[in-house]
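Note that the protein sequences, when read in sequence, are chains A and B.
Per my numbering, the first sequence starts with residue 1, numbered consecutively.
Per my numbering, the second sequence starts with residue 1001, numbered consecutively.
Read the hints as simulated data drawn from the structure, not as lab findings.
Careful: at least some of the hints might be erroneous.
To be verified - Residues from chain B shown here face chain A by an in silico Cβ test under 10 Å; the list is partial:
#1 Cys1008
#2 Arg1013
#3 Arg1014
#4 Glu1015
#5 Tyr1018
#6 His1057
#7 Glu1058
#8 Ser1059
#9 Gly1060
#10 Ser1062
#11 Leu1081
Glycine included, every Cβ here is placed at the ideal spot set by N, Cα and C.
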Amino acid sequence: MMAKTPLEGMEPLSLGKATLSELDLGRLTSIAPYRGQEAALSDALKEAHGMLAPAPNRATGKEGARAIWFGQGLILLAGPAPDETLARHAALTDQSDAWAVVRLEGDAAADVLARLVPIDLRPYVFKRGHTARTELQHMMASVTKLGETTFQIMVFRAFARTLHHDLQGAMERVAARARP
Amino acid sequence: MRLDCPICGARDRREFTYVGDAVLLDRPAPDAPFEAWDDYLHNRDNPAGVTRDLWYHESGCSAWLVVTRNTLTHEVMETRLAAEVKEAGV
Ligand SMILES: [Zn+2]
Chain A
1 MMAKTPLEGM
11 EPLSLGKATL
21 SELDLGRLTS
31 IAPYRGQEAA
41 LSDALKEAHG
51 MLAPAPNRAT
61 GKEGARAIWF
71 GQGLILLAGP
81 APDETLARHA
91 ALTDQSDAWA
101 VVRLEGDAAA
111 DVLARLVPID
121 LRPYVFKRGH
131 TARTELQHMM
141 ASVTKLGETT
151 FQIMVFRAFA
161 RTLHHDLQGA
171 MERVAARARP
Chain B
1001 MRLDCPICGA
1011 RDRREFTYVG
1021 DAVLLDRPAP
1031 DAPFEAWDDY
1041 LHNRDNPAGV
1051 TRDLWYHESG
1061 CSAWLVVTRN
1071 TLTHEVMETR
1081 LAAEVKEAGV
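When you get a sec, could you build the whole thing from the sequences and use the hints?
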């Protein structure tokens, strides 16, 4: 048997100056530090996985092993299986199959996303390494800026096709407005 | 309308859920008199002016907030984490 990704390994979709593709981040683990254990958890994360715990609205680490701030008192570790030392300082929950993840990139990516997400996405406000819990249309989402024109978007797995539909629609409308 | 979430920053109203008067933070003792529980559960002021409400940053960081705002001017005067307000007891 083969594991299916939420978008079943969709082909990348390019429309105008934006490209949408599915991401498989590997293991996803939510980390909720116990009260007063935030600093110890950050040290353990650094020791085991090479990145400090992110401050609110930030992500740390790099491709393959990223720690994404995921809400009040919550961090998402994306990539490696969590080292057992983390469990001394935080509650760990496996979320690997729970999220659909896509990457939206290109010169028009921010314009596409701005049609769906009510946060300030201007490049001097929402910068590389910034992340936000927000909503995309009516879906709770996690949006992380991976590069100058590259965003990672996560929604609950059950919304995978809605996410794809909404992003494709916004990509079509932004592309239609671009001058030839 | 925007609310300044102490964690996330200024965010659009659509990310939040309105819960009700912040009096909900002041739960009476289990053996408090009937009148105190009656007030807590049912009786609300409807001020023309400053009011304190609970809001939930549902599509954001999931924090509960106490928002102080003016119903006459729509000015949002203060947003604080409900957990901090509760611990500070004010
Ligand atoms: Zn928030």
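How the hints compare with the structure:
With a least beta-carbon distance of about 6 Å to chain A, the hint placing Cys1008 (chain B) at the interface is held under the 10 Å criterion. A least Cβ separation of about 9 Å between Arg1013 (chain B) and chain A falls short of the 10 Å threshold, and the interface hint therefore holds. The interface hint given for Arg1014 (chain B) is met, as the beta carbon of that residue sits about 6 Å from the closest beta carbon of chain A, less than 10 Å. With a cut of 10 Å, the hint placing Glu1015 (chain B) at the interface with chain A holds, because the nearest CB-to-CB distance is about 6 Å.
Restraint check, Tyr1018 (chain B) versus chain A: the minimum CB separation of about 16 Å is more than 10 Å; hint violated. Annotation: interface hint on His1057 (chain B) holds; nearest CB of chain A at approximately 8 Å, less than 10 Å. Because the smallest distance between the Cβ of Glu1058 (chain B) and any Cβ of chain A comes to about 8 Å, under 10 Å, the interface hint for this residue holds. Taking 10 Å as the C-beta contact cut-off toward chain A, the hint placing Ser1059 (chain B) at the interface holds, the least distance being around 4 Å.
Proximity of Gly1060 (chain B) to chain A holds as hinted, the smallest CB-CB distance being about 5 Å (cut-off 10 Å). The criterion of a C-beta within 10 Å of any C-beta in chain A is met by Ser1062 (chain B), whose closest approach is roughly 5 Å, and the hint holds. Here the hint on Leu1081 (chain B) is kept, as its CB sits about 8 Å from the closest CB of chain A, short of 10 Å.
In terms of the numbered hints stated before, the structure departs from hint 5 and from no other.
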